[in-house]
Amino acid sequence: MDWRAKAMSLLLLGFVRLLTGAQARWHGCPPKAEQRIYFANHQSHADLVLIWAALPTELRSITRPIAARDYWTTSRFKRWITGAVFNAVYVERERKGDEDPLAPLMAALESGDSLILFPEGTRGHAEDPQPFKSGLYNLARQFPEVMLVPAWIHNVQRVMPKGEVVPVPVLCSVTFGEPIRLGPDEPRADFLQRARAAVMALRDL
Amino acid sequence: MRSFLRGLSPDQQVGLLFALLFGALLLATVAGVLLSLRERTLGAGADGVRSTRLQDVQTLLRNTWLMALVFWVGWAAGDGVAIVLFGLVSFLVLREFISLSPTRRGDHRSLVLAFFVVLPVQYALVWTQHVDLFTVFIPVYVFLALPVVSALANDPQRFLERHAKLQWGIMVCVYGLSHVPALLLLPFPRFEGRLAFLVFFLVAVVQTCMLVQHLVARRLSAPVAPAISAGFHWRSWGAGLLAGGLLGGLLAGITPFKPLPALAMALVACAAGSLGHLVMKAIKRDRGVTHWGSAGRSVTGATGLLDRVDALCFAAPVFFHSVRWTFDR
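So the protein sequences, as listed, match chains A and B.
Residue 31 in numbering that gives the first Met the number 0 sits at position 32 of the first sequence; the count goes up by one each step and never skips.
Residue 92 in numbering that gives the first Met the number 0 sits at position 93 of the second sequence; the count goes up by one each step and never skips.
Just so you know, these hints were derived from the structure itself, not from any lab.
All of these numbers come straight from a predicted model, not from anything done at the bench.
Where hints are given, some of them may not hold.
[Unchecked claim] Reference excerpt, derived from the structure (chain B facing chain A, CB under 8 Å, subset only): (1) E95; (2) F114; (3) R307.
[Said to hold, decoys possible] Far from chain A by the CB rule (all over 12 Å, computed), these chain B residues: (4) S8; (5) H107; (6) S109; (7) A221; (8) P260; (9) S321.
[To be verified] A few chain B residues that don't get close to chain A, going by computed Cβ distances all over 12 Å: (10) Q11; (11) L20; (12) S100; (13) P101; (14) V135; (15) V139; (16) I253; (17) F326.
Where is the CB? At the ideal position from N, CA and C, for every residue including glycine.
So here's chain A without its partners, still in its complex pose (with noise of 0.2 Å):
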């Protein structure tokens, strides 16, 4: 990482902390650097933002957050941002041919990295998370030895809703729960209903 993209994550950082405190905390598994794939609810731009915050600097730099690639490519500013300071891996949104949209995110856990997910794909606006996507279940069944750690993010909706610039300083935190596994076959929807239960579990703890 270069003096500059260095700079910017730690007045990224700064920021975020004074905004939010984006405080960590663990339950059911510790701060750990192996493997994972943290999934959690996606309500706001500024998820990703604090789950990176949230995690200590030792995880931070071997966890890569996704970013799509018709969006965050489209200015050097953009490309920069993610590619340097967030070392994002790039889907793309739109099925292109028969490609798998899945495989910038397999090469990423083939060399060893840590993701951070948000399964239902798009930003929800009700109480309770949206459905899950089978993105989660096909890396979890093609990676059965990386962790699944789900993750409930508080409040964040509250920082920034939809169509608002200005954020507005709340107390933010993400809990990470027990990781779960994929258990041996075990179909799809079920998989994928118990891993957004495993998250919604969090809220209240």
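Position chain B against the provided structure of chain A, taking the given hints into account.
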């Protein structure tokens, strides 16, 4: 002794005060370390009550260190930095308060206004010494302006309730706390450069009162309002007031007051502070938590700063104005 103290310049006097304060803290810390060493040789689990009590005292000591350091930095770096520091504390405390008061999307703009306009303007008024405007800015102008912004957001649901919470938060966390650095602005003839003593006087007296009240309440049962606070008894309250008042009388030498008025001022500050703490407890209970911080059932990961300064938030305005009415002619 007295003539020696008189001979010092105001800066030297304040410096001496800090030297004494840090000396006392250092002694207490060393004593705490020695006690914990002895605890360790006695063996763990021998006396659980004592070790938790020791832990209690040690957190208290750490907080006192932190506060003393903040005050020292504020004094050493000048009034401007002190005001900025208090502004920052206000920001953090208001953040805690808002986190635990449910707001709706329609409140977003008023919240932005509260944090990024009202708070800085209030402290800027302190900085620029607009004493008269600063005392009415929030209760008069902001009180009427904020609901307008929220009304324009077109959301009538629980409007009064949401707004009452926001106004309360601003009154306590911004208006109340900004009166502490405002003490530095009071025009006392022949007391220039030593107004930092007045801030110290207020904080020392209120904290002593809270501490004594807390310690005495441990030995009592049947609190006055058990649903709100298990630690509020009239007797412990009286003991706290007495201790705070006596300390105020003893500290009269560092204030512009004579001993008896100093005692009266200390009593006023302590009464406001300790009762204010009780009120904040009621608000916390309403929100279903016992601490603003993470010690209770907190979903927000707050640091619990508000728990430490809420007494000060209530005591400061009352103290400020009592001093102003009585002595400022």
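How the hints compare with the structure:
1. E95: holds (7 Å)
2. F114: holds (6 Å)
3. R307: It is violated, given that the least Cβ distance between R307 of chain B and chain A is near 16 Å, above 8 Å.
4. S8: Holds: least Cβ distance 38 Å, greater than 12 Å.
5. H107: violated (5 Å)
6. S109: violated (9 Å)
7. A221: At roughly 34 Å from the nearest Cβ of chain A, A221 of chain B sits farther out than 12 Å, so the non-interface label holds.
8. P260: At roughly 40 Å from the nearest Cβ of chain A, P260 of chain B sits farther out than 12 Å, so the non-interface label holds.
9. S321: holds (32 Å)
10. Q11: holds (37 Å)
11. L20: holds (29 Å)
12. S100: violated (10 Å)
13. P101: Since the minimum Cβ distance to chain A is about 9 Å, P101 of chain B lies within 12 Å and the statement is violated.
14. V135: holds (26 Å)
15. V139: Holds, because the least Cβ-Cβ distance between V139 of chain B and chain A comes to about 24 Å, which exceeds 12 Å.
16. I253: holds (35 Å)
17. F326: holds (37 Å)
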